[in-house]
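J.: From first to last, the protein sequence lines are chains Z and X. Under the working numbering, the first residue of the first sequence is numbered 1047, with each subsequent residue one higher. Under the working numbering, the first residue of the second sequence is numbered 63, with each subsequent residue one higher.
I should point out that these hints are in silico values taken from the structure, not numbers from a laboratory. These figures come from a predicted structure and were not determined experimentally. Some clues are possibly wrong.
[As the list claims (entries may be wrong)] DSS-like, lysine-lysine: derived pairs with alpha carbons at most 25 Å apart: (1) Lys1088(Z) x Lys82(X); (2) Lys1156(Z) x Lys82(X); (3) Lys1117(Z) x Lys1156(Z); (4) Lys1088(Z) x Lys103(X); (5) Lys1083(Z) x Lys76(X); (6) Lys1088(Z) x Lys76(X).
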Amino acid sequence: GENVEQHPSTLSVQEGDSAVIKCTYSDSASNYFPWYKQELGKRPQLIIDIRSNVGEKKDQRIAVTLNKTAKHFSLHITETQPEDSAVYFCAASNYAGKSTFGDGTTLTVKP
Amino acid sequence: GAVVSQHPSRVICKSGTSVKIECRSLDFQATTMFWYRQFPKQSLMLMATSNEGSKATYEQGVEKDKFLINHASLTLSTLTVTSAHPEDSSFYICSARDPGPGGGTGELFFGEGSRLTVL
């Protein structure tokens, strides 16, 4: 089955700095890679996603890159703000929607 | 956008009782839904894939007789935790894929989650 590894497990940055979270996956059949932000006690919220036929996608301060050959993808958050503090999960999904999640990264943005 | 509704959001029950959690797709038909479990400070772990009109597919280590899944319609899947014990206390989340035009968009929508506490 699919195996997703996510690093780092915790990340602390100063407000205004950039944050980068990296994930690797094992199953070449995975074709959809969403990133979720989860606040305590709430459901994961999709913040950005990328499909296997695209190498990079950007949405304002958030960007995701995908290296299909190396089977890794990364989340980049620029100009971080305290409200970006949360747990972020990457996932690798197949066509049917079955997803395997990384272990999560706790991001803390210090004012 | 597509919405997945989950109910109840919180439930407290006594050990040995059964609890049912519902997951509904509100504006799309979902032939497949997914049930995840999340323990505190851990990731989401897939428990089972719910298939409309057929048996659910369970992940390794998940007891199918304990976690009963029914997907009787294209918009509703239910998860019943039978004979619940304190170790079953967790955050249960369902998701469904909106097929979109032409199918295969892959985007998943999550329910609000159900926090189960077994006393």
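J.: Indicate, hint by hint, whether the structure satisfies it.
T.: Status of the hints after comparison with the structure:
| no. | hint | result |
| --- | --- | --- |
| 1 | Lys1088(Z) x Lys82(X) | 20 Å, holds |
| 2 | Lys1156(Z) x Lys82(X) | 41 Å, violated |
| 3 | Lys1117(Z) x Lys1156(Z) | 32 Å, violated |
| 4 | Lys1088(Z) x Lys103(X) | 12 Å, holds |
| 5 | Lys1083(Z) x Lys76(X) | 32 Å, violated |
| 6 | Lys1088(Z) x Lys76(X) | 24 Å, holds |
Checked against the numbered hints given earlier, this structure breaks hints 2, 3, 5; the rest are met.
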